[in-house]
Structure formats: structure tokens, C-alpha cells
Amino acid sequence: MSTAGPSGKPGTSRSQGQVTGHGMGFPLPPPPPSSSFKYKYAGSLQEDHREPIFCVTFNNFDLAHRDVFATVGQHRATIYQLLPGGEFELLQVYEDADVSVDAG
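Read in UniProt numbering, the sequence shown has 31 at position 31, and its numbers run on one by one without any break.
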């Protein structure tokens with residue numbers, strides 16, 4: 001006897017501890033690069049606030065936008081696109097209006 005899970009496919013019951021579908025309606029992220037993948041220096045950037053950057057992360061959920069990355073520093077988050085030749089394009093900035101609040 002075969003049990004069908006929420007997806008209607010045999011053997012995909014959540015009670016069996018198996019993952020079904022993509023969850024929350026989002027697609028699965030692409031697999032990480034192979035161990036033979038070579039990273040290369042593309043450029044550097046200094047934001048106008050000249051404060052330390054707390055985090056930098058690249059979009060790894062959509063291969064069509066793998067050249068988009070975000071930084072978080074001072075009181076704002078900034079989204080950039082990496083262009084050929086090591087240039088950057090500013091896409092969006094989200095700034096905290098209340099700079100009197102210290103997160104640390």
C-alpha cells in the first residue's frame with residue numbers, strides 16, 4: 001500500500017520527514033558553485049557614509065539576478081548591481097529615518 005502526500009505523489013508525506021515542493025511558494029535556491037569554481041576580484045566600493053559595512057550578500061535565489069548584491073552599514077541598506085568591468089550601479093537605498101537609535 002502506497003501513501004500519497006500533499007503533492008499527490010507516493011512517498012512524499014510530511015509525516016515521513018521528507019520535503020515536499022518548494023515551500024512558501026518560493027523556488028529552491030540554485031546549488032552552490034562546485035569546489036572547482038574560481039572567484040575573482042571584481043572591484044571595491046566605499047560608501048559615502050565611510051562607516052564600516054556590517055554585511056554584504058549576493059542574490060543566490062535567482063540566477064538571472066546573481067549580479068545583484070546588498071550592503072548594510074551605518075543606518076541604511078543599499079542594493080547594487082555589479083556591471084562588467086568592475087563598475088557598480090546603485091539600484092535602491094533604504095535609510096533609517098531615526099538615526100538617534102543605536103543598534104549596538
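Careful: at least some of the hints might be erroneous.
[Claimed, not checked] Below are the SDA-like pairs computed for lysine to any residue, each with C-alpha atoms no more than 25 Å apart in a straight line:
1. K38 with Q92
2. K40 with A64
3. K40 with P29
4. K40 with D98
5. K38 with V68
[As the list claims (entries may be wrong)] DEER-style ranges, computed between Cβ atoms:
6. R50 with P27: 35 to 41 Å
7. V101 with R66: 30 to 36 Å
8. A64 with S100: 35 to 41 Å
9. L83 with C55: 20 to 26 Å
Simulated from the structure, these hints should not be mistaken for lab results. Glycine included, C-beta positions come from ideal geometry on N, C-alpha and C.
Earlier hints that do not hold, by number:
1 and 4
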